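Now for the letters of each chain:
4 protein chains.
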Amino acid sequence: MHFLSDNAAPAHPRILNALVEMNAAHAPPYGADGLTQEAEKALERLFDADVRAFLVSTGTAANALALAALVKPHGAVLVHEEAHVNVDECGAPEFFTAGAKLIPLPGSHGKLAPETIEAALARFHHGEHQVLPQAVSISNPTEMGCLYGPEEVQALAEVAHRHGLKLHMDGARLANAVAALDCEADALVRGVDVLSLGSSKGGTIHAEAVIFFDTALAVDFPRMRKRAGQLMAKMRYPAAQLLEWLKDDLWLDLAAHANAMARLLAARLDDFAAIELAAPVQTNMVFAWMPRRLQVALGEEGALFHVWREEEERVMVRLACSWMTAEEEIEALASAVALHGG
Amino acid sequence: MHFLSDNAAPAHPRILNALVEMNAAHAPPYGADGLTQEAEKALERLFDADVRAFLVSTGTAANALALAALVKPHGAVLVHEEAHVNVDECGAPEFFTAGAKLIPLPGSHGKLAPETIEAALARFHHGEHQVLPQAVSISNPTEMGCLYGPEEVQALAEVAHRHGLKLHMDGARLANAVAALDCEADALVRGVDVLSLGSSKGGTIHAEAVIFFDTALAVDFPRMRKRAGQLMAKMRYPAAQLLEWLKDDLWLDLAAHANAMARLLAARLDDFAAIELAAPVQTNMVFAWMPRRLQVALGEEGALFHVWREEEERVMVRLACSWMTAEEEIEALASAVALHGG
Amino acid sequence: MHFLSDNAAPAHPRILNALVEMNAAHAPPYGADGLTQEAEKALERLFDADVRAFLVSTGTAANALALAALVKPHGAVLVHEEAHVNVDECGAPEFFTAGAKLIPLPGSHGKLAPETIEAALARFHHGEHQVLPQAVSISNPTEMGCLYGPEEVQALAEVAHRHGLKLHMDGARLANAVAALDCEADALVRGVDVLSLGSSKGGTIHAEAVIFFDTALAVDFPRMRKRAGQLMAKMRYPAAQLLEWLKDDLWLDLAAHANAMARLLAARLDDFAAIELAAPVQTNMVFAWMPRRLQVALGEEGALFHVWREEEERVMVRLACSWMTAEEEIEALASAVALHGG
Amino acid sequence: MHFLSDNAAPAHPRILNALVEMNAAHAPPYGADGLTQEAEKALERLFDADVRAFLVSTGTAANALALAALVKPHGAVLVHEEAHVNVDECGAPEFFTAGAKLIPLPGSHGKLAPETIEAALARFHHGEHQVLPQAVSISNPTEMGCLYGPEEVQALAEVAHRHGLKLHMDGARLANAVAALDCEADALVRGVDVLSLGSSKGGTIHAEAVIFFDTALAVDFPRMRKRAGQLMAKMRYPAAQLLEWLKDDLWLDLAAHANAMARLLAARLDDFAAIELAAPVQTNMVFAWMPRRLQVALGEEGALFHVWREEEERVMVRLACSWMTAEEEIEALASAVALHGG
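Order-wise, the sequence lines are chains P, D, C and Y. Just so it is clear: in the first sequence, position 195 is 194 by numbering that gives the first Met the number 0, and no numbers are missing. Just so it is clear: in the second sequence, position 134 is 133 by numbering that gives the first Met the number 0, and no numbers are missing. Just so it is clear: in the third sequence, position 169 is 168 by numbering that gives the first Met the number 0, and no numbers are missing. Just so it is clear: in the fourth sequence, position 146 is 145 by numbering that gives the first Met the number 0, and no numbers are missing.
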C-alpha cells in the first residue's frame, strides 16, 4: 500500500536496460555526446517545434533555472500560493533568480484563472517602488492533480503575453496530463515559453529537462546551468533515460496506468461514507478528507501516504499512484478502510 | 587514443550491475532511504570519523556548496589561480556563496604553499573595507595532476586554522591521490574541514559527495542543498553507485590502473626529443609540451586530448588516463608520435 | 494643501543650522569621527541599552540590511502583506538577504496579531523542503498609521522568540509612535532585536539608523553595510543631523505637531457625509474613503495626496501630515471638500 | 598636516549655503522634484550628450550599481588588480551583480593597457565553463593618482567594444583628472559607456552619480537603484549640492587647488634624499617611499596619512591633498621631515 509519492517507485526496467546497453564506449563529456543530441531531437519532434532543451538533475533545478531565464532579480513571478515553486523548493526560485519575488495567488485545486492574473497585475503601478512582474508559472497537472486543458493554457498565455510576461509550465507530471487529456503533447504547451519536463516521477531515475519554446530566451542558459552546478559531466546517462522513456510512448503508457489506478482508488474510497474526495481525480493523485482516527489506523496497517492538511477532527490525505501501483494495493487499502469503519 | 578526460569513460560495469540489482522496490524519496544511509555509513568508515555526508549531482555543485557552507557573502576563499573553482566552474562558487570573492594565488603545478597563504592574509588588514578571508580551498590532486601528501595538507590546515579559516579540499580525483600515495584515505584528509569527493571521473555515472569533518558546519546544509536544486528525489541510485564503488576497494583499483597508465604514457612520451613533460606525473594525467605541428598531426590521427596552454610554436597538452585506458591506446599514440617526427 | 507624504517636507531649519556649524574641520572618514560616535552614544541613552547603531542612507537600506542580519538566504521573514518591506521596496529585502522569502500575512490596518504568527509557523514542518522562518518584521506605526503599544510589541516578541525567531521593527515613523503613545522610546522597543529608526520623514534630510539591541547580531554588520554601498565617507553629516534631531526632544515635538494636525484633519473630514475614515487616526496619517469625483475635484484644486486603493465608485486616499503642515492647509482642504459637495 | 584623504575635508561653504537656500518648500520625493531634474540637465550639458544620470549615496554604490548594469551574474569585469572596486569595497561589485567575477590584471600605477585586456580576453575560450567577460572598469585618475588621457581612454574603449564589452570609468576623482589635463569633461569620457562621478572627495557632503552614455543600458536602473536602497527620499538635497558644485566651475577650481598642492608637496619631498617618489604626481595624491623610522616620526609630529605598502625597512605612504589643503600644512610637513633627518 505504497501511495507516498510517484517518485518513491523505482525506475522502469526498460530504463535500466537502456543504461546497461549504452554503457560501453567513451563519449565527450558535458552533453557534447551523441545521445544528448538525440534526446534534444526527440524533444523537438515531441513538441513539433524548434525547441532548445537542457537536461538538469532535479525538478527543482529545472523550475528554478527556467524562472531565472525569465525574470530579472528585480522581477516577479505570479504563482499559485500552493505551487511547488512557492512552498516546496526551499526558496530555490529566489536563489536562482538572485532574489526575484514570487507573488502568491489563490485559485481552486491549485489552478490560476486569467482574471486572477489580471487583478494581480493591476496592483503593480508604482514604478520603481515595486518589483516588475515578468512571468506567470503554472503546474500542469497542479499540485492537487488537476488539469489545465489546451484552451486554458492558451488563455493564460494570452493574458501573460498581453502584459509582457512570459509563461512557464512546471511539467513534473506532464506525462500524466497528456495521458489524461489524450491530446498531443505539443497541443498542451501551446503558448508556453519555457517548460520544465520531469520524468523522474514517471519512471526514470532522473532526467529532467528545461525546454525553451522561445529559443531567444535560452541564450544565457548554458552558462546559467553550468554556474548552477547542473551541467552533468556524463549527461549521456540521463539522455539515454529520456530517450528510452519517450520511445514507443512508454512515458504515456506508464502515466496512463498511474492515472487509471488513481481513478480506481478514488472510486473505491468514494464508496465509504467517512471519506470525502477533496478534489476532482484527473490524473494520478487522490486527495481525500477522512477522520483522523481512520488516517492513524491506515498508517498502522502499513499504508503509506502524505497528510496534506489538518483540521481538528479530520485530515486531508494525498494518495499518489505510480507506474508500479498494483490493483492489489488498492484493494488492500479499501479493505483496511472497511475494517476500520470507513 | 581517448585521452580527453577521465569523465569521458563510461561507468564501470559493476556500477551498472549494482543499479540493476537495487532497482526493484519502493523507497522513501529525497535520501530518506536505506541505501543513502548505508552510503553515509560507508563514508564514515572510510574516513574513520564522525562525518556528515551529502550526495549531490556534480563536482561543481559539491565544490560550490561546500564553499557556501564555509564563507559568508562578504567572505573570501584563498585558491590557486588555476583551481577548477576559479577558472572552470563559470562562477559557481560566487553564485552559491551569494557573491563571496575568490582570491587567486600563484604556486607551481597548481599547488598552494603555506607561505603563500600567510603572505596573502597579511594583505587583509583594512577591516570592513575588505572582504573577510574565511576559507582556503585546495585540489588534491591538483588540476595539473600533482599531489599534496598528508603532511602538506596538515601544514596548510595549520595555517588556515591559526588564522580562523577553514580548509576545503576538492577531491574530484581523490581516488587517484589515495592510490598514488598508497596511504589511508583518512590520513590524506586530516585537517580538512570539508571535502568534495568525486566518483564520476573514477568510474561511476555520477555520485559526488560533500563530506563535513567539522559537522557543526553542516547544520544549514540540508536546506542549502535543497535550495540549490541538488536534493535528488531518487537519491538511492547515486548512493548505490557510491557503495559499489567503495566496495572491495574498486575505487582504488580503478584509480591505480589509471595512474599506472599515465606513468606508462609519460615514459613513452619522454623518449621523444620533441616532447617535454610539463609537470611531474604523479596521478592519472600527463602534461607535455610539444610542437604545434605535432599536436595537429596527432589530432588528425584521431588522438583526443586537451590543449592546455598555447605559445607561438608549441602547445602544452593534457592527456588523461582513466580506469578504461588500455596499453594499446598508449602504444598507438607513441607510434603516431614517432610517425610524425616526435 | 500638501498631504502627499511627510518626506516631501523640507528639513527643519535647526538641522541645516547644525550642519553649517559643524562644517569646518577635517575629520576621519567612514564613521571614525567624533560626531558619529556621539550619535551612537545618544541612541544608547535614548534606548537605555547597550545598543550598536549604524547609520545608513535610506529607510529601505535600513530595513533590508537589518533583515539580512537576521535571516539566512534559506530563511524567511513573516511580514504583514501590506508592509513597506513587502510591497514598496522593489525587493530590497530579497536582494540584501540573498533571496530569503517574505511570508505575507493578513491583519487589520497593517497590524500582525500573535495568533497570526503562530498559525503561519505551524505550516512550516516539512524540514529542508521549506524555507526556515527566522524573523518577524513589524512596522510601528504601521503603513496605515496604526500603533502597536508596548504590550503588543512584547507579545509579538514573546511569540517570535519562543519559536527561535528574531523581531525586527521598521521605525520609519517611530517618532510619531512615541509621541502619540507618550511613552519612553525604550518602552516601545522592548523585545525588539533590531530596529530601523528613520528621521527623514520626521524632519532631517536623511539620517537613518539600524540599531541592534541584541548586539551579537551585529558582528558582521560593518562589512555588510560597506558591501551594500552604505558606508558613507562623510558619515559625520548624517550623524550631526541625528544628534540635532534628538536634542531637546526636537524629534518628538515635530512628530507631536504632525500627529495633532492629522487629528484635526480627521475631525474636519469626518464632518462630511461623503467621507468615511478608513482607519483609526493614531499618528500623522489619515486614510479616508471618498467618492472618486470628489478625489478628482480636490486634485484639481491643488490638493496633493496619494490614492491608496481604488474601487469602481470610490477611492481610499492617504493624507499625510508633517512637521510643517499648517492648520491653514487643513482648513483649505476642508473648504474645498465643502465646495465640491463633501 | 592632514593628508589622510580628500574625503576627510569638510564640504565647501558654498555647498552648505546652497542647502540652506533651497531648504524651504515641499517637493515631491524620490527624485521627482525640480532640483533633481536640473541636476540631470546640468550633467547632460557637462558631457554634451544625451546621458541618463542617477544620484546615489556613495561611490561604492555608484561603482557597484554601474557594473551591475553592465554584466550578468555569470559575467566578468576586467579590472586592475589594485582597483578600488577590487580591493576596497568589501565585495560590493560581487554583491550588486549577484556574483559576477572581477578578473584582476596588472599594470603600472594602477593603469590598464589595451594589450593587457587583449591578452586576458584570449584566455576566455572555454564556453560555458567560464564566466563571460562583459565589461572593463578603469579608474581615472587611478588609485595611484595617475591619469588616462582622452586617447588612452578611447584606445581602451576600442578594445572593449571590439570584443563586445562595455567600458566603465570610476570617476571618484574625475574633477582632479579634468583639471589636471585641462580638457573638456566630455573629451575625457569619450568611449565610456557608464561613469561613476564622485563629488564627495571634491568638496560636497555627498552627491555621487551613475551616468549612462549608452542610455539603453539604463532601462532597468531605476528598479536596481531602489532595490539597492539607494533611492533617497529627499534626493533634492544631493541634487542641490551637485548643482552648486558644477556651477561656475567650482568643481574644477577646487580640484585644481588640490592638484597644485600635491605638486608643491611632491617638490618639497623630492628634495630630501631619504624620500623617493613612488609614482608620477599627476593629480592630488603623492605616493612616496620613506624609511619606516621617518614615517613613525612624522606620525608622532601629528601628520596624518596612509601607509600604502610596507617593506622591512621602508614604507610607501600616500599623502592626499584636498580643496582645503593649505601651503602651511605642506611647509610644516617639510620642516618635520627635515627635523627628522629626511
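What the hints contain is simulated information worked out from the structure, not anything from laboratory work. Mixed in with the good hints there might be a few duds.
[Stated by the list, open to error] Here are the simulated distance ranges between beta carbons: (1) D:125 / Y:24: 54 to 60 Å; (2) P:157 / C:117: 40 to 46 Å; (3) D:126 / Y:24: 40 to 46 Å; (4) Y:149 / D:80: 29 to 35 Å; (5) P:340 / C:291: 41 to 47 Å; (6) Y:214 / D:148: 40 to 46 Å; (7) D:49 / Y:105: 25 to 31 Å; (8) P:183 / C:303: 55 to 61 Å; (9) P:157 / C:248: 43 to 49 Å.
[Unchecked claim] The following residues of chain C were derived to be distant from chain Y, with all beta-carbon distances above 12 Å: (10) 3; (11) 15; (12) 24; (13) 150; (14) 200; (15) 218; (16) 223; (17) 227; (18) 256; (19) 299.
Values in this document were obtained by computation on a predicted structure and should not be read as measured data. The C-beta atom is built at its ideal place from N, Cα and C for all residues, glycine as well.
Verification of the hints:
A beta carbon spacing of about 43 Å between residue 125 (chain D) and residue 24 (chain Y) contradicts the range 54 to 60 Å that was offered as a hint. At roughly 42 Å, the beta carbons of residue 157 (chain P) and residue 117 (chain C) sit within the given window of 40 to 46 Å. Range check, residue 126 (chain D) to residue 24 (chain Y): Cβ separation about 42 Å, and the 40 to 46 Å hint holds. The hinted range of 29 to 35 Å is satisfied by residue 149 (chain Y) and residue 80 (chain D), whose Cβ atoms lie roughly 34 Å apart.
Here the CB-CB span from residue 340 (chain P) to residue 291 (chain C) is close to 59 Å, at odds with the stated 41 to 47 Å. Residue 214 (chain Y) and residue 148 (chain D) have their C-beta atoms about 58 Å apart, which leaves the hinted 40 to 46 Å range violated. In this structure the supplied range 25 to 31 Å is violated for residue 49 (chain D) paired with residue 105 (chain Y), their Cβ-Cβ distance being about 46 Å. The hinted window of 55 to 61 Å between residue 183 (chain P) and residue 303 (chain C) holds, with their beta carbons roughly 58 Å apart.
Taken as a hint, the range 43 to 49 Å is violated for the pair residue 157 (chain P) and residue 248 (chain C), whose Cβ atoms sit roughly 59 Å apart. Distance check for residue 3 (chain C) against chain Y: the nearest CB is about 7 Å away, which does not clear 12 Å, and the non-interface claim fails. Not every Cβ of chain Y is farther than 12 Å from the Cβ of residue 15 (chain C); the closest lies at roughly 5 Å, contradicting the non-interface assignment. The Cβ of residue 24 (chain C) does not lie farther than 12 Å from every Cβ of chain Y; its closest approach is about 7 Å, which violates its non-interface assignment.
Listed as a non-interface residue, residue 150 (chain C) keeps its Cβ farther than 12 Å from every Cβ of chain Y; the least gap is roughly 32 Å. A Cβ of chain Y approaches the Cβ of residue 200 (chain C) within 12 Å, the least distance being about 8 Å, so the stated non-interface status is violated. For residue 218 (chain C), the condition that its CB be more than 12 Å from all CB atoms of chain Y holds, with the nearest at approximately 15 Å. The non-interface label for residue 223 (chain C) is inconsistent with chain Y: the shortest C-beta to C-beta separation is roughly 9 Å, within 12 Å.
Remark: the non-interface label on residue 227 (chain C) conflicts with the geometry, its nearest Cβ contact in chain Y lying 7 Å away (cut-off 12 Å). At the 12 Å boundary, the C-beta of residue 256 (chain C) stays outside the reach of chain Y, the nearest C-beta of that chain being 15 Å off. A cut-off of 12 Å between C-beta atoms confirms that residue 299 (chain C) is not in contact with chain Y; the least separation is 18 Å.
Of the numbered hints given earlier, the model fails hints 1, 5, 6, 7, 9, 10, 11, 12, 14, 16 and 17; all others are met.
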